[in-house]
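Line by line, the protein sequences are chains A and B. The numbering used here runs 133 ahead of the 1-based position in the first sequence. The numbering used here runs 4 ahead of the 1-based position in the second sequence.
In short, the hints are calculated from the structure, not lab data. Among these hints, one or two may not hold up.
[Stated by the list, open to error] Quick list of simulated restraints, FRET-style, between CB atoms:
1) A:262 - B:145: 18 to 24 Å
2) B:99 - A:147: 37 to 43 Å
3) A:345 - B:185: 32 to 38 Å
4) B:190 - A:374: 45 to 51 Å
[Said to hold, decoys possible] Some residues of chain B that are not near chain A, with every Cβ distance over 12 Å (derived):
5) 56
6) 73
7) 77
8) 118
9) 146
Fair warning: this is a prediction, and the values are worked out from it, not measured in the lab. Glycine is no exception: its CB is placed at the ideal position from the N, C-alpha and C atoms.
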Amino acid sequence: MVISLDHVVYVYPDGTPALRDVSLGIAAGERVALLGPNGAGKTTLALHLNGVLRPQEGQVRVAGRLVTDDTVRETRRQVGLVFQDPDDQLFMPTVRQDVAFGPENYRLDDVPGRVERALAAVGMQGAGDRAPHHLSFGQRRRVAIATVLSMDPGILVLDEPSSNLDPASRRELAEVLTGLDVTMLMVTHDLLFALQLCPRSVVLAEGRIQYDGPTRELLADAGLLARFRLELPYGVVLDPTDG
Amino acid sequence: MAHRLSPASKIVAVTAFVFIVVLTPREWIVTFIGYAIVLGIVLLAVGVRPARMARSLVLEVPFVAFALLLPLVGPDPSGFAGLSIAGMWAAWNILIKASLGVLAATLLAATTLPVDMVAGLQALRLPTPLVAIFTFFIRYVDVVSHQYRRMRVAQEARGFRATSPRSWPVLATGLGALFVRSFERGERVHLALVSRGYDGRLPVPEAGMPRSWPLAAMLPVSALVILAGGWLASW
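When you get a sec, could you build the whole thing from the sequences and use the hints?
As C-alpha cells, this is what we get:
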C-alpha cells in the first residue's frame, strides 16, 4: 500500500470531530475518488496525506514511511496536493516561477527541464512567462497541477478538481489526469467525473468511511447514494454492469 | 537596452542618482539643470514619452501646492514683489528635487516589470520577509481588487448607492469582509506553500544581461561629475 491510514482520529481545535476512525489503504497506481457530503471531513483527510495535518490518534504512512516531523518534508515531495482554488495554489508572479517553486525548494536537478515537462503534461507549454491572473480558470487549474507534477510526486491528491470548470475544460482536465502515471486520490462532488476517472470510490460521512468499492456499483445503487446524500445529475441512471 | 539591464543594477543606479540630487545645495541652480538634462536624455533614450513623464509628475501635486505657499508665508516677506526670498528658495528646493526624484522613479518603473523589481530587491539582499510581502502583493493585488469589485457590483445590484456618510457603515463592512477573506486566503496560500517544501525563502532567479552594472552606473556617475562641477564653481 503506497498510502495507508490506520485508525486515524482528528478533532479540530474548536472540538468539532472531523475524522472519527478512518482506515484506508491505496495501492500504487490506483485512482480513487473520495466522496461525501459537505463537511464530511474529505479535505481534512487530504491534508493528512502530506502532513499538513497530523492525526491525534492512529497513523498515516506514505510509501511505507510513517509521517512524522522527520519525514514530513520528503512526504510532501512525494504527495502532490492540488488545492481547490487555483488562486491559492498559484502564488508566484509568473507561471514558470510557480512551477519551479517546489523543485527549487527541494533542490532537485534540471529545474528548467522539469518546468517544461510539467507544463507539457498539462497542455500548457508556452505559458511559462504569463501571469497566473491572465489565464482562464481552466488553464489555472491545469497549471496548479503542473506545480506539483514538477516535483515528480508518486501520489497526486486533488481537491475538487472539476469544480467551476466549463464542460470543455472539464474534459481537457480528465484527459490530462488519465494520462498521468501516478497514484491518485480525488476529493470530489462530481460523481460522473469520479466514474470517468476512478474505478474505486470511498465515501466519507460523519468522519467515518461508509463505503469502499467500485464507483459504478455505488452510483448505480440509488439507496446507497441517498444514504450518503450523494446525487447524480438529473436524468442520469447508471447500469451497474455496463462499462 | 535599459529593459534588459539587471533589475538590481537599475534600482541601485536610480537610488544613487536620487541621493545625489537630494544632497545638492539648492543654490546650485546650474547643477540641477545639468541633472535634468542627463535624466531627460536617458528617459528619451529608453523610449519614455513626454506624456508619460507629465503624468507621473502629477504625483507631486500635493507637494507643489505646499511649495507654492512657502513664498507667501515664509519669513521676511519684503523681498522680491512682496514675497519671501527664503520661502522662494525653499519652494524651489522642494520642486526641483521632487520632480527629479519622480522622473528618476519613472525611469525605473518604465524599464522594469514589477516581477523583476522583486528579483532585483532580492538580489540586493533585502530581508526575505519583505521580498515575500512584495511578491505576494504583486500576485494578489488583482485577485483582491476583483473580489472588491464583485462585492461592489453585488451591493449595487441590490440598490445600494454610496452617496452620504450614512452609507459608510456598508462600505466599512464590505472592507472588513474583504480583509477576513484575504486573511483566510493567506492561510490557504500558506498551506499551499508548505505543501511544496517552503522553508521561509522564496526562490526568485536574478535575470539581466552581463555588464549591467557599468551601464547602469552611467546615470549616477554623470550626476556625480555634474555635482563635482557645481562644487568647483561654488569656490
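Verification of the hints:
Checked against the hint of 18 to 24 Å, the pair residue 262 of chain A and residue 145 of chain B passes, with Cβ atoms roughly 19 Å apart. Between residue 99 of chain B and residue 147 of chain A the CB atoms are about 59 Å apart, so this pair departs from the stated range of 37 to 43 Å. Taking 32 to 38 Å as the suggested C-beta distance range, the pair residue 345 of chain A and residue 185 of chain B conforms, at roughly 36 Å. Taking 45 to 51 Å as the suggested C-beta distance range, the pair residue 190 of chain B and residue 374 of chain A conforms, at roughly 49 Å.
No Cβ of chain A approaches the Cβ of residue 56 of chain B within 12 Å, the least distance being about 22 Å, so the stated non-interface status holds. Against chain A, the non-interface label of residue 73 of chain B holds: every CB pair exceeds 12 Å, the least being about 42 Å. With a least beta-carbon separation of about 46 Å from chain A, residue 77 of chain B lies farther than 12 Å from that chain, consistent with its non-interface assignment. With a closest Cβ-Cβ approach of about 7 Å to chain A, residue 118 of chain B is found to fall inside the 12 Å limit, against its non-interface label.
With a closest Cβ-Cβ approach of about 5 Å to chain A, residue 146 of chain B is found to fall inside the 12 Å limit, against its non-interface label.
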